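**Student:** Chain by chain, the residues:
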Amino acid sequence: MALPLLEVRDLRTHFELEDGVVKAVDGVDLTVRRGRTLAVVGESGCGKSVTARSILRLVERPARIVGGEVLLYGDESAGDPEDLLAANDRRLRQVRWADIAMVFQEPMASLSLVHTIGDQIVEAIRLHENVSKAVARERAIEFLGRVGIPDPNRRVDSYPFELSGGMRQRAMIAMALSCRPRLLIADEPTTALDVTTQAQILDLLQDLQEEFGMAIMLITHDLGVAAQVADEVAVMYLGEVVEHGPATSVLTEPKHPYTQALVRSVPRLGQRGQDRLAAVRGSVPPPYERPSGCRFHPRCDAFMAGKCDEIVPVRVRTDDTDVACLLYGEGER
Amino acid sequence: MLRFLVRRLLWMAVTLAAISFVTFVVIKLPPGDYTSTVIANAEARGQDIPDSQIAELKRHYGLDKPFMVQYLTWISGVVLHGDLGQSFAWNQSVASLIGNRVLLSMVLSIASLLFVWAIAFPIGIYSALRQYSPGDYVASFLGFIGMAVPEFMLALVMMYVGFRYFGQSVGGLFSPEYADAAWNLGKLLDLVSHLWVPIVVVGVAGTAGLIRITRANLLDELHKPYVATARAKGLPEWKLLLKYPVRMSLSPFFSTVGWLLPGLISGETIVSVVMSLPTSGPLLLGAVKSQDMYLVGSFVLILSTLTVIGTMLSDLALAWWDPRIRARFQKG
Numbered sequence: 001m002a003l004p005l006l007e008v009r010d011l012r013t014h015f016e017l018e019d020g021v022v023k024a025v026d027g028v029d030l031t032v033r034r035g036r037t038l039a040v041v042g043e044s045g046c047g048k049s050v051t052a053r054s055i056l057r058l059v060e061r062p063a064r065i066v067g068g069e070v071l072l073y074g075d076e077s078a079g080d081p082e083d084l085l086a087a088n089d090r091r092l093r094q095v096r097w098a099d100i101a102m103v104f105q106e107p108m109a110s111l112s113l114v115h116t117i118g119d120q121i122v123e124a125i126r127l128h129e130n131v132s133k134a135v136a137r138e139r140a141i142e143f144l145g146r147v148g149i150p151d152p153n154r155r156v157d158s159y160p161f162e163l164s165g166g167m168r169q170r171a172m173i174a175m176a177l178s179c180r181p182r183l184l185i186a187d188e189p190t191t192a193l194d195v196t197t198q199a200q201i202l203d204l205l206q207d208l209q210e211e212f213g214m215a216i217m218l219i220t221h222d223l224g225v226a227a228q229v230a231d232e233v234a235v236m237y238l239g240e241v242v243e244h245g246p247a248t249s250v251l252t253e254p255k256h257p258y259t260q261a262l263v264r265s266v267p268r269l270g271q272r273g274q275d276r277l278a279a280v281r282g283s284v285p286p287p288y289e290r291p292s293g294c295r296f297h298p299r300c301d302a303f304m305a306g307k308c309d310e311i312v313p314v315r316v317r318t319d320d321t322d323v324a325c326l327l328y329g330e331g332e333r
Numbered sequence: 001m002l003r004f005l006v007r008r009l010l011w012m013a014v015t016l017a018a019i020s021f022v023t024f025v026v027i028k029l030p031p032g033d034y035t036s037t038v039i040a041n042a043e044a045r046g047q048d049i050p051d052s053q054i055a056e057l058k059r060h061y062g063l064d065k066p067f068m069v070q071y072l073t074w075i076s077g078v079v080l081h082g083d084l085g086q087s088f089a090w091n092q093s094v095a096s097l098i099g100n101r102v103l104l105s106m107v108l109s110i111a112s113l114l115f116v117w118a119i120a121f122p123i124g125i126y127s128a129l130r131q132y133s134p135g136d137y138v139a140s141f142l143g144f145i146g147m148a149v150p151e152f153m154l155a156l157v158m159m160y161v162g163f164r165y166f167g168q169s170v171g172g173l174f175s176p177e178y179a180d181a182a183w184n185l186g187k188l189l190d191l192v193s194h195l196w197v198p199i200v201v202v203g204v205a206g207t208a209g210l211i212r213i214t215r216a217n218l219l220d221e222l223h224k225p226y227v228a229t230a231r232a233k234g235l236p237e238w239k240l241l242l243k244y245p246v247r248m249s250l251s252p253f254f255s256t257v258g259w260l261l262p263g264l265i266s267g268e269t270i271v272s273v274v275m276s277l278p279t280s281g282p283l284l285l286g287a288v289k290s291q292d293m294y295l296v297g298s299f300v301l302i303l304s305t306l307t308v309i310g311t312m313l314s315d316l317a318l319a320w321w322d323p324r325i326r327a328r329f330q331k332g
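Chains as they are written, first to last, in my numbering: chain A, 1 to 333; chain B, 1 to 332.
It should be emphasised that the hints constitute simulated quantities derived from the structure, not laboratory data. These figures come from a predicted structure and were not determined experimentally. A virtual CB, placed ideally from N, CA and C, is assigned to each residue, including glycine. Certain hints may be false.
Examples of chain B residues toward chain A, derived with CB under 7 Å [stated by the list, open to error]:
| hint | residue |
| --- | --- |
| 1 | Trp90 |
| 2 | Ser93 |
| 3 | Arg101 |
| 4 | Pro150 |
| 5 | Glu221 |
| 6 | Pro225 |
| 7 | Tyr226 |
| 8 | Ala232 |
| 9 | Gly234 |
| 10 | Pro323 |
| 11 | Arg324 |
| 12 | Arg326 |
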C-alpha cells in the first residue's frame with residue numbers, strides 16, 4: 001500500500017453562529033496516499049467541503065478550525081510530517097498551490113471574470129517559482145493545451161466568460177496543475193457540468209494523475225463518480241467519517257448501515273420501473289442538535305435500543321475497512 | 001467598437017435636440033416673461049412704466065415674436081455660431097457671464113471630488129474588510145452623521161468656526177484685499193486658504209455616501225468563490241483583496257462616474273449661496289427667478305450636454321475597466 005501523503009486527524013471545524021455552534025466537521029480522520037485517489041462522499045451538509053477547505057485553512061468566519069491535525073508528509077526520505085494547522089501564515093502560503101492545489105465546484109464563479117485565464121495562471125506560477133513572465137506564460141499555454149483546450153495560444157488571453165462551462169473547468173484544472181502539486185483537492189469538480197462533460201473531466205483527471213503522479217482528494221456526493229475514479233473511499237455523515245477503505249470494498253460490500261443505504265439509493269440501469277428507488281430513511285437532523293451516541297441511529301435500520309443511542313462508536317478495522325459502527329466494535333459512553 | 005461610438009454620437013445629437021426644445025418650452029410655461037420682472041422691479045421702486053415702453057422692451061428682446069421663431073433663432077445661433085444669446089438681466093452675452101464662473105465652479109468641484117475619493121475609498125474598503133470591527137462602527141456612525149447634516153448647516157457652522165477661531169474673512173473665495181487684484185502668488189494662497197472650507201462642506205455628504213456604497217459593493221464580492229481560489233493559490237491577503245474583490249467592487253462606481261460631470265458646474269448651489277461663492281450655481285438660480293430665458297436655456301443646455309457626454313464617458317470607462325462590458329460593446 002502506498003505511503004500516506006496527507007493525514008487528517010480528529011479535525012474539528014465549527015460554525016460559531018448567534019443561535020449556537022454548528023459542528024460541521026467534528027472529528028474527521030482521513031488518509032490520502034501518494035499518487036492515489038481518495039473520494040470523500042456523503043449527503044449535502046455532511047461537512048465534506050468544509051473538511052476540504054479546512055485542510056488549506058480556507059474557512060472563513062463564522063467557521064473556525066477548533067482542533068485536530070492536518071499532517072503533510074514530505075519526500076520519502078524526509079522525516080516527520082508537518083502539521084499545516086500549526087504552520088505560520090508564510091509557510092501556509094508556500095504550501096498552498098505548490099504542494100496542495102484546489103479545484104472548486106463552480107468554474108464560472110471560481111475564476112475572476114475580469115482577468116484573463118493566462119493572467120491568473122501566470123500569477124500562480126510566479127507566486128511559487130522564480131521565473132520570468134514569458135516562461136510562466138509558456139507554461140500556462142502548455143498546461144492549457146495539456147488539459148485539452150483547443151488553440152491554447154489564443155485562449156490564454158481569453159476571459160473566463162468567453163469559455164463554456166467544461167472549458168472553464170479545464171482552465172481551472174490547468175491552473176491547479178501549473179505548480180505541479182503533490183495533492184489536488186477537487187471539490188465537486190463536475191457537479192455544475194452536464195453528464196458528457198463530467199465524464200470527460202473525470203477522464204482528464206485520471207490521465208493527469210498518471211502523468212504527474214499526484215494524489216487526488218475528490219469531494220463528491222455522487223457514488224457513481226467515486227466508483228469511476230477512486231482508489232479509496234471515505235464516507236462522511238454529520239461531520240464524521242463513518243467508513244474508510246478501498247473503493248471496491250466500500251462500494252460493493254459496504255459495512256456501515258449508512259453506506260449500505262447510500263449504495264442502495266443509487267439507481268441502476270435495467271432496474272425495473274415499478275420498483276421504488278430506495279432512499280436513506282428520514283432526513284438529516286437539525287444542525288444544532290446532534291443525536292446522542294451514534295449520530296446515525298435515528299435513521300438506522302439496524303438500530304439497537306439502549307446501545308446505539310448511548311454509546312459513541314469508535315472506528316475499528318474490519319477486513320480492510322475502518323468502520324465506526326457498534327455492529328462491528330465497541331465504543332465509548 | 002467604432003460603429004458603437006458613431007451610433008452613440010448620433011443618439012447624443014438627437015437627445016440634445018430634444019432636450020433643448022423641451023427646455024425652451026418649460027422656460028416659456030410660467031405666465032409672463034422677463035418684462036414682468038422689469039415691471040415688478042419698477043413698481044417696487046414706486047415707478048410706473050408706460051405700455052409703449054414695455055412694447056419697446058418686448059420688441060428689443062424679441063419677446064413679441066411667435067414661440068417657434070424665438071426657439072429657432074436661439075438654437076440656430078447656438079449651433080451655427082456658438083452664440084448662446086444675451087442675458088436680459090445682466091445685459092451681457094451669456095457666454096461671457098457663465099465663463100467667468102464656470103472656472104471657479106470646476107476648481108471647487110474637482111477639488112471636492114478628489115477630497116471625497118481620497119477619503120471615502122480607503123475608509124470604505126477598510127470598513128468592508130473589517131466588518132463589525134470598532135473601526136467599521138466608527139466609520140458608519142460618522143458616515144450617517146455626514147449624510148444627515150444638511151450642507152448649508154455645515155457651511156454656517158464652518159464659517160462661524162473659521163471666523164471666530166481662525167480670524168478668516170467670512171464667505172467668498174478671496175479676502176477683500178485680493179478680490180479685485182490680478183493673479184499672483186498671494187492671491188493663489190489666499191484662494192487655497194478659503195477654498196478648503198467649501199471643499200470640506202461640499203465633500204462631507206459625498207464622502208459619507210461613497211463610504212457606504214464602497215463598503216456595500218465590496219461586501220458583496222468578498223465571499224465569492226474566486227476570492228477563495230486566489231487565497232488557495234497562496235496570494236498574501238492584502239494583495240489578493242486589492243487585485244480581485246476590490247477591483248470587481250469598483251465596476252458600479254465606474255458606471256456612475258459620468259454623472260459627476262454636470263455636477264461639476266451646477267452642484268453646490270445652496271452652499272455657494274450661503275457662503276457667497278462666485279460659482280455658477282447661484283447665477284442659475286437667479287436667472288430662473290427673473291425668467292432670464294436665454295441664460296437659463298443655455299445653462300440647461302450646457303448641463304444636458306455634459307450629462308450626455310458624461311454618460312458616454314462613463315460607458316467607455318466601464319468598458320475599459322470591465323472586459324465583460326467591452327465584449328458586449330464589441331458585439332453590438
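**Student:** Against the structure shown, which of the earlier numbered hints fail to hold, in ascending order?
**Tutor:** Violated hints (numbers, rising): 1, 2, 3, 4, 5 and 12; every other hint is consistent with the structure.
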